[in-house]
Amino acid sequence: MIARLETPRLELRPLELADAEQAQRLFPKWEVVQFLDSKRVPWPYPDDGALTYYRECALPAMERGEEWHWSLRLKTDPHQVIGCIALMKAENKIGGSGSACRGSAKA
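When the letters of the sequence shown are read in order and numbered with my numbering, they come out as residues 12 to 118.
Treat each hint with caution, since some may be false.
Label-pair ranges, simulated between beta-carbon atoms [what the hints assert, rightly or not]:
id	residue 1	residue 2	range
1	Glu-32	Ala-97	15 to 21 Å
2	Lys-86	Ile-13	17 to 23 Å
3	Arg-36	Thr-87	16 to 22 Å
4	Gln-45	Leu-16	25 to 31 Å
5	Gln-45	Glu-74	27 to 33 Å
None of these hints come from the bench; they were simulated from the model. Where a beta carbon is used, it is the ideal one built from N, C-alpha and C, also for glycine.
Construct the entire structure; sequences and hints are all you get.
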């Protein structure tokens with residue numbers, strides 16, 4: 012189980028499939044995507060990119076205990092996703108041999 016975390020300003024909740032809709036509205040911006048690996052994050056970003064990544068990559072990796080993903084929310088508006096953060100085991104990082112989602116859209 013992934014812990015819920017807090018800072019004085021933010022709440023970090025374990026990623027859920029329901030978060031994908033809000034992430035989809037935030038993510039497909041060139042200002043964000045231009046700095047990411049083009050082999051993992053396509054441009055233009057697909058309409059279902061966040062949902063696909065959450066369902067097929069992030070959530071299964073969380074279940075396997077290989078990755079830890081959180082949605083970021085301001086404590087003043089805890090229903091609004093403002094971003095996401097993830098940690099991965101070294102062998103699962105980008106370019107590592109264990110990455111199960113190479114070539115998929117990542118949010």
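Hint check results:
Checked against the hint of 15 to 21 Å, the C-beta distance between Glu-32 and Ala-97 comes to roughly 18 Å, which is consistent with it. For the hinted restraint 17 to 23 Å between Lys-86 and Ile-13, the CB-CB distance of approximately 19 Å keeps it satisfied. For the hinted restraint 16 to 22 Å between Arg-36 and Thr-87, the CB-CB distance of approximately 19 Å keeps it satisfied. Between Gln-45 and Leu-16 the C-beta distance comes to about 29 Å, which sits within the given range of 25 to 31 Å.
The hinted range of 27 to 33 Å is satisfied by Gln-45 and Glu-74, whose Cβ atoms lie roughly 31 Å apart.
When held up to the earlier numbered hints, the structure conflicts with none and fits them all.
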